[in-house]
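*Asks:* Chain residues, written in single-letter form:
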Amino acid sequence: MKKERTSSRFMATLEHMLSNDSWVSILVIVLGFLVGTLLLLVIGRNPAGMYAAMLQTLTGYDITRNVWNARYIGEWLTASIPLILCGLSMGFAARTGLFNIGAEGQYIVGLTVAQFVALYGPQVPVLHWVLALLAAGLAGMLWGGIVGFLKASYSVSEVVATIMLNYIAFFLSRWLTMLIPGTNTYRTPTFPATARLTSTLFLRLTNESRLNLGLWVALAACLFYWYMIEKTRKGFELRATGFNKEAARYAGIKVTSTITISMSIAGLFAGLAGAIVALGSFSYGRVLAGYDNYGFNGIAVALVGNSTAGGTLLSGLLFGMLASAQPLMQGRQIPKEITWIISGLVVIFISLRGGVRLFLEWRAREKARLRKETME
Amino acid sequence: MSDYAIEMIGITKSFPGVLANDDITLRVRDQEIHALLGENGAGKSTLMSILFGLYQADAGTIKVRGRPVQIRDPNHATALGIGMVHQHFKLVHNFTVTENIILGSEPRTKTGDVDIRSAERKVEELSRIYGLNVAPKALIEQISVGMQQRVEILKILYRNADILIFDEPTAVLTPQEIDELMQILRRLRNEGKTIILITHKLGEIKQVADRCTILRRGKVIDTVDVATTGEMELAAMMVGRPVKFKLDKAPAQPGKVVLEIENLCVQGAHGAMAVQDCSLQVREGEIVGIAGVDGNGQSELVEALTGLRPIASGRITADGKDITRASIRERIDAGMGHIPEDRHKYGLVLKFRLDENLVLKTYRHGVYRKPLGMLDMEKVSNNAERLIPLFDIRAGQGPATRAMSMSGGNQQKAILAREIDLSPRLLVVAQPTRGLDVGAIENIHARLLAERDKGRAILLVSFELDEIMNLCDRIAAMSKGRIVGIVDAEHADEHRIGAMMAGYVQEEPTAAPAASGVQA
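Residue numbers (the working numbering), protein chains in the order written: chain U, 772 to 1147; chain G, 28 to 547.
Be aware that a few hints might be false.
With a Cα cut of at most 30 Å, we get these calculated DSS-like pairs of lysine-lysine [to be verified]:
id : chain 1 : residue 1 : chain 2 : residue 2
1  : G       : K507      : G       : K117
2  : G       : K372      : U       : K1025
3  : G       : K378      : U       : K1016
4  : U       : K1016     : U       : K1005
5  : G       : K378      : U       : K1005
6  : G       : K164      : G       : K137
7  : G       : K283      : G       : K378
8  : G       : K228      : G       : K117
9  : G       : K481      : G       : K283
10 : G       : K372      : U       : K1005
11 : U       : K1016     : G       : K406
12 : G       : K283      : U       : K1005
13 : G       : K348      : G       : K481
14 : U       : K1025     : G       : K348
15 : G       : K397      : G       : K378
16 : G       : K228      : G       : K246
17 : G       : K372      : U       : K1002
18 : U       : K1002     : G       : K228
19 : G       : K348      : G       : K507
20 : G       : K378      : U       : K1025
21 : U       : K1025     : G       : K406
22 : G       : K406      : U       : K1005
Listed next, the stretches of chain G that the computed footprint assigns to chain U, with coverage defined by at least 3 CB atoms under 8 Å from CB atoms of chain U [as the list claims (entries may be wrong)]:
id : stretch
23 : 147-159
24 : 377-383
Quick look at which bits of chain G chain U covers, simulated, 3 or more residues with Cβ under 8 Å [stated by the list, open to error]:
id : stretch
25 : 305-318
26 : 342-348
For the record, the hints were derived by calculation from the structure and aren't laboratory data.
All of these numbers come straight from a predicted model, not from anything done at the bench.
Don't be surprised by glycine CBs; every beta carbon is placed ideally from N, CA and C.
Model the full structure from these sequences, guided by the hints.
*Replies:* Take a look at the structure:
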């Protein structure tokens, strides 16, 4: 009897948590780690190694050798920046009811434009990288805005349009970058120092990690996202359109311009991500050999972060941690693929929410039936 | 053997958050017309879906002719002789009547072809026995809605059903077609069928039903003999309190023309002209009703007026200003309020809070503006605090309540509050009480009349003729996209309007209003 009561209380708590998106995300992450841990046990590795690697990524403290190096924290944050920005890109579009699968293309456009400004822009300190960031952001806006415009004016599916534009962006980037004199098959000449996002403060704090000024950009972007979506009249229009396009139109909201604006801002975030990777983590322009995949991973980031500013920030940090813990895991005999498995599991579990709800409903039904039968 | 064709004993069915059926017992005698009366959400449809095998009950037993059964799915129900005529027909439009009827159980000739000849003969035979008057070779798209319903009836008769469930069968019919359906129901009973009639219309029950079971909030209130129970009694049992039938309505004081529609043509979703050459005036202080069966161009007319759908030709003026090509926002600003037909599609953002929904059209106005493009959420919330008591909106968490979690009646009150609070000169109201319970309907009707008396011009589209007759001062009947005729409400009677709704043009009314001289 007592056992049943505790189990029903557990179910009630579970039900309550599932009705709250933040709790679902946390639950799902815990579940993902749990299964990841089990998997390691099954293949006969010690999961402690995985957690030690994660601890080292988050705090810089190596528990096995008892040494501390802040560089790991810096690398973690560096890996998180483009994920956060691409998550915001995805999330912003999602809040307006759009599926921006084109963050990758917008990212590439931003990256390419930033590289050009870095090589050809005025070599004035600060101004140089500010210009590069601005140009990259605008390019991303344009790349996303085209899709929004096509969607709003001609009902072109944004999914198809963004996928197409991803390819165009990729090959255009390769072609244009190769035109730069002194470029070989994989790199351009080295950027002037004025174009780099280097921060002496971060270099000192994080023991020469690649952490750069992009961190502030990412945090500012989160703040802007929150302000725009939750606080402004434009945000009200965006959210109304996202939840119910027809009702928004009925209320006199210009849905076409709202969709264009939403995709432009989504593109802005992704374009900035591209610029930050180009100017923060590299000292030369790259001729892309493949997708960096930040744009695509942004989809998962936004999904786990429930497309809110704070949630996306946190989930970007989580995915960044998983990515930058990989080399540390390998050193501890943990296959690095486990991080991909965990992030995959998290995404699958979050999509399973509907299924869990069904299960709870089924349980409630069974209980009602049992109660009836025992009464009769 | 049992006297009962159907017994449903102690049926309980819950959905997440609602107990749709709470220990319901329904006993239907053999060869009777048994009405199932209740408001929307009373649990009628759930109960019948369980009987038809669409849902499984959480608890309770079903007996068909005294034998306990577990009805697994609709095919099983059909095998048990139970058939259902759904509210929305399930017919293939470019098939003939017979082809639709045999679909899924086609008779074969010796060579394996579909034996359409014998099927047609059988359909004709059935049609004759039950007086359905259906031509077996007609195409569905060429016959009227009333005929299509008869095809649905034939479909289940063809499958040898002797227990027929009708789900709100009159919702889509004109008054004449309703009369004919009532005759058909009687004939079916006299030929030995048992009928369960789901409805919330008391008149129909008084006309044809033998007994009536009343449901309220998932519970059985009573089962009564219809002959010895008055309409008022039935209504009171359905609602749970006495109900007023007639509205107290002061005579209209019409003033200047507010809305003027001239020769309006509007293209429908399928390319054909859904509204053809429609002209109409609405004046201050009057309610003009558009009567018509669903799908005769009313929705397109409303969408064209409110700017949701482009206009093919014609002219619309509001207060003398041409708004034919005006944007939706311009129309709102010109003083047009709109209570849309589909409140979930257009009227509300269901995932928004109540207060956000209440400013859906006014959020851009000065009062809600804060610097840096911000929306003044405090003012938005205050606005809701002001409107909630004014319009008697019941919302659990006040302004912060999600629209989604409110009842249909309160959602509609919220829309009404928002639109009326815009202080529009003109209210375009479509189907304002669809799916609402009697209490909410009374409330909304009273509110619309009050707005009329304040001098607003109101255009009301409704598929419920009673609603039109009760509320309106002038009534325009619409059929196949045309306004067939316009009559003063005092001189209107149900059958004349019904004839117009069916497309018969009326000669000048015998008691023509001499003084008003308004002819649109």
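*Asks:* Now look at each hint and say whether the structure bears it out.
*Replies:* Each hint tested on the structure:
1. A threshold of 30 Å between alpha carbons decides the hint, and for K507 (chain G) with K117 (chain G) the separation of about 22 Å falls inside it, so the pair holds.
2. Only pairs whose Cα atoms come within 30 Å are accepted, and K372 (chain G) paired with K1025 (chain U) is accepted, the gap being roughly 17 Å.
3. Proximity of K378 (chain G) to K1016 (chain U) is assessed by CA-CA distance (about 12 Å); at most 30 Å being required, the pair is judged to hold.
4. Restraint check for K1016 (chain U) and K1005 (chain U): the C-alpha separation of about 15 Å stays at or below 30 Å, so the hint holds.
5. For the hint pairing K378 (chain G) with K1005 (chain U), the CA-to-CA distance comes to about 17 Å; that is within 30 Å, so the pair holds.
6. As the CA atoms of K164 (chain G) and K137 (chain G) are separated by approximately 23 Å, the hinted pair is consistent with the 30 Å bound.
7. For the hint pairing K283 (chain G) with K378 (chain G), the CA-to-CA distance comes to about 40 Å; that exceeds 30 Å, so the pair is violated.
8. The straight-line distance between the Cα atoms of K228 (chain G) and K117 (chain G) is roughly 23 Å, inside the 30 Å bound, and the hint therefore holds.
9. Proposed proximity of K481 (chain G) and K283 (chain G) is supported: the alpha carbons are some 13 Å apart, at most 30 Å.
10. A hinted pair counts as satisfied when its Cα atoms are at most 30 Å apart, and K372 (chain G) with K1005 (chain U) qualifies at roughly 21 Å.
11. Proposed proximity of K1016 (chain U) and K406 (chain G) is supported: the alpha carbons are some 25 Å apart, at most 30 Å.
12. For the hint pairing K283 (chain G) with K1005 (chain U), the CA-to-CA distance comes to about 38 Å; that exceeds 30 Å, so the pair is violated.
13. With a C-alpha separation of about 22 Å, the suggested pair K348 (chain G) and K481 (chain G) falls inside the 30 Å cut-off, and the hint holds.
14. Distance restraint check for K1025 (chain U) and K348 (chain G): the Cα-Cα separation of roughly 22 Å lies within the 30 Å cut-off, and the hinted pair is therefore satisfied.
15. Pair hint K397 (chain G) plus K378 (chain G) holds up; C-alpha atoms about 24 Å apart against a cutoff of 30 Å.
16. Only pairs whose Cα atoms come within 30 Å are accepted, and K228 (chain G) paired with K246 (chain G) is accepted, the gap being roughly 19 Å.
17. Using a Cα cut-off of 30 Å, the hinted pair K372 (chain G) and K1002 (chain U) holds, with the two alpha carbons roughly 25 Å apart.
18. For a cut-off of 30 Å, the pair hint linking K1002 (chain U) to K228 (chain G) is broken: about 48 Å separates their Cα positions.
19. As the CA atoms of K348 (chain G) and K507 (chain G) are separated by approximately 29 Å, the hinted pair is consistent with the 30 Å bound.
20. Taking the CA atoms of K378 (chain G) and K1025 (chain U), the gap is near 20 Å; set against the 30 Å cutoff, the hint holds.
21. With a CA separation close to 23 Å, the supplied pair K1025 (chain U) and K406 (chain G) stays within the 30 Å bound.
22. This hinted pair checks out: K406 (chain G) and K1005 (chain U) have alpha carbons roughly 17 Å apart, not beyond 30 Å.
23. Check result for the stretch 147-159 of chain G against chain U: violated, 0 residues qualifying (beta carbon to beta carbon below 8 Å, three or more required).
24. A stretch counts as covered by a chain when three or more of its residues have a beta carbon under 8 Å from one of that chain; for the stretch 377-383 of chain G and chain U the count is 4, and the coverage holds.
25. Coverage of the stretch 305-318 of chain G by chain U is violated [criterion: at least 3 residues with CB-CB distance below 8 Å; count 0].
26. Here the stretch 342-348 of chain G counts 0 residues with a CB under 8 Å from a CB of chain U, which misses the bar of 3, and the coverage is violated.
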